[in-house]
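J.: Put chain B on the given structure of chain A with help from the hints.
These are the residues of each chain, in order.
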Amino acid sequence: MLAIENLKAKIEGKEILKGLNLNINPGEVHAIMGPNGSGKSTLSNILSGKKGYEVNGNVTFEGENLLDLETEERAHKGIFLAFQYPLEIPGVNTNTFLKTSINAIKKARGEKELDAIEFLKLIKQKLAELKFDEKILSRQLNVGFSGGEKKKNEILQMSILNPKLSILDETDSGLDIDALRIVSEGVNSLRNKNNSFLIITHYQRLLDYIKPDFVHVLKNGQIIKSGDYELAKELEKVGYEDFN
Amino acid sequence: MQTEIKSNFEKSLSEGDFSSLQKEIKEKNFNKFIEQGFPTKRIEDWKFSDLNQIISTSFENLDFSKKDNQSSIDDDFVNEFEHNKIFFVNGNISKIDFSYENEEKIILNHNLELDKELNDNALLNLNNAFVSNYIKITVGKGYQFQKPLILYNYLTSDLDSCGLNMRLDINLEEDTSLNVINISNENIKNNFLNFRQKINIGKNSVLKNYSLDVNPTSNIKYSFKDIDLDKNSHLEYFILSKGSKFAKHDINCSLNNEYGSVVLNGIIDLDKKKHHEIKTLINHNEENCKSYQLIKSVLNENSKGVYQGKIYVNSKAQKTDGYQLSRALLLNENVEFNAKPELEIYADDVKCSHGSTSGNIDENSIFYLMSRGLSHAQSKRLLTNGFLNEVIEKITNEDVKSLVKKLTDIQE
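Residue numbers (my numbering), protein chains in the order written: chain A, -19 to 224; chain B, 51 to 462.
No lab work stands behind these hints, which were simulated from the structure alone.
Quick caveat, the model's predicted, so the values are computed rather than measured.
Please note that the accuracy of each hint is not assured.
Just so you have them, the derived chain A footprint on chain B, three or more residues with Cβ under 8 angstroms [what the hints assert, rightly or not]:
1) 373 to 385
2) 428 to 439
Listed next, with one range per pair, are the computed distances between beta-carbon atoms [what the hints assert, rightly or not]:
3) Glu413(B) - Lys173(A): 55 to 63 angstroms
4) Asp210(B) - Asp113(A): 53 to 61 angstroms
5) Leu393(B) - Ser169(A): 54 to 62 angstroms
6) Asp124(B) - Ile97(A): 37 to 45 angstroms
7) Pro266(B) - Glu(-15)(A): 51 to 59 angstroms
All C-beta atoms in this analysis are idealised placements derived from N, C-alpha and C, irrespective of residue type, glycine included.
Chain A with its partners taken away, still in its complex shape:
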């Protein structure tokens, strides 16, 4: 589904990714762990099309060159990034945003757009699953949301858009244990043989809830080791500093 070959990225002349290779097949959950500054967020930004990077290498998504696509085209094709720091959008009500988003994607895929009633039905079901108060729909997007609410809102968006590849950028940071469990359940409910996940995190904690199929260690812009869930445990014991 996603194939990354020798990916290099620079921002403002500084090399962040230095030849990264990664393959994700349908239905797989991959975790990338690494210390601060190892290039984790750069990777998620590049996969979702953020401007400002000088990028080299090959990235294909379902056989298509991903790097040629605009951000919104990637979303239309089924790539979703749950932001580490979701942005506050004043004056835009969450309900309007969610409906605009799902219908933009449906339209691009040539599917029928949801009317107000169909949308409401879908959103209510997803809110209930995530134990999220319906009041958030009438609030301005992420404005005044707590850290936990912002992350839950990302998972809510993910669950209504039902992407093929979800990239979770430190979704666990700033979450308390209850929120972490709810968020993890949200992710687990989307797991199936077609949907894949790339989970970026510092800590093993999230991986106790969402058991990954593969764990990769990112250090200095490269994946230095790959393994299964046991690798995460080993990392937690040894720490990034001494891990080689």
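T.: Below, chain B without anything else, positioned relative to chain A:
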């Protein structure tokens, strides 16, 4: 232009039905205007909007005496809610309809009340010189309007290169309330409109005034309102400034007795080469009064926006609470925004603040929205709508709020 305007003035004076005193005042005002001319940027109040230059580049000649009493349009294009209406057609009042109200409580006075003193503001002298068709609406003590009043301003398609001077005054007696909406349906041609309103809000009374300039036109518009507030009265004022080629809204509010309050919010939303200005002066003349102002501007293409806002606090006006904020979103490098916020305070126990920001649209926010499948244009529109929506949400009349959302294409 001077010889033409003089003959226009002679014509309007001879055709109008004026008393000899009125004629005398009009002549004085006219002579003063001729001496002053249209305001230039050398005048402080006009430093960001050189009207003289705008007029001379927009018109070869302006006809101030065109009379058109035949046109009677009464197409009320607002059909979202029931309302009373007054139609101005080509500057003349053509229809008055207060069918939702107890008409005994509404007094209409057509006897022109001209300013006794000459003004520093040349356009007020011009207005006094030419205005003929006049109305003053007085709402009798204790009467609350059932439905809003819409002042429709129509210009017919044959009107071109004309100067129109209009005047409508409102007087709210004690314990009254009224919602007024000013809205235009003008053709695309070039005209100069000089609209004057004197408003008095009596004790314990509430006026909500919504001024909506939406239709794209080549008109040059100036509107001057002076609003006096008595004890415990309230004014809610909202401006949507969008359609005209040039518009300047000049609003002077005077809080003349205790516990009065003013909420004055505005939107400047421009494209093409439009140039709009909102200028406000809030006089806090007595104790315990409040004023709040929020002006937001979105500038696109080659447009220019201006906000000049002053809060004046008299030495008697202790416990004044004054607030003023201007925020502008500049969508490209060719636009210009000027803000001149001013506080002039002579009392020592007051709370006053002002602020002004202008900036570009946040690219990180655009990225966030695009990552959810929205196009760049859609994301930009959602962000600018959200930016303006904060002002629209402050409208307390729900019918007007939905109308404004519809007119600005901002979704619920």
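J.: Confirm or reject each hint.
T.: A quick look at each hint next to the structure:
1. Counting residues of the segment 373 to 385 of chain B whose beta-carbon sits less than 8 angstroms from any beta-carbon of chain A gives 0, not enough to reach three: the coverage restraint is violated.
2. Only residues whose C-beta sits within less than 8 angstroms of a C-beta in chain A count toward coverage, and the segment 428 to 439 of chain B has 8 of them, enough to reach three; the restraint holds.
3. The supplied range of 55 to 63 angstroms is broken by Glu413(B) and Lys173(A), whose beta-carbon atoms lie about 37 angstroms from each other.
4. Judged by the Cβ atoms, the range 53 to 61 angstroms given for Asp210(B) and Asp113(A) holds: they are separated by roughly 58 angstroms.
5. The given range of 54 to 62 angstroms is respected by Leu393(B) and Ser169(A), whose C-beta atoms sit roughly 56 angstroms from each other.
6. Range check, Asp124(B) to Ile97(A): about 39 angstroms between beta-carbon atoms, so the 37 to 45 angstroms window is met.
7. Between Pro266(B) and Glu(-15)(A) the CB atoms are about 53 angstroms apart, so this pair conforms to the stated range of 51 to 59 angstroms.
Consistency note: the structure conflicts with the earlier hints numbered 1, 3.
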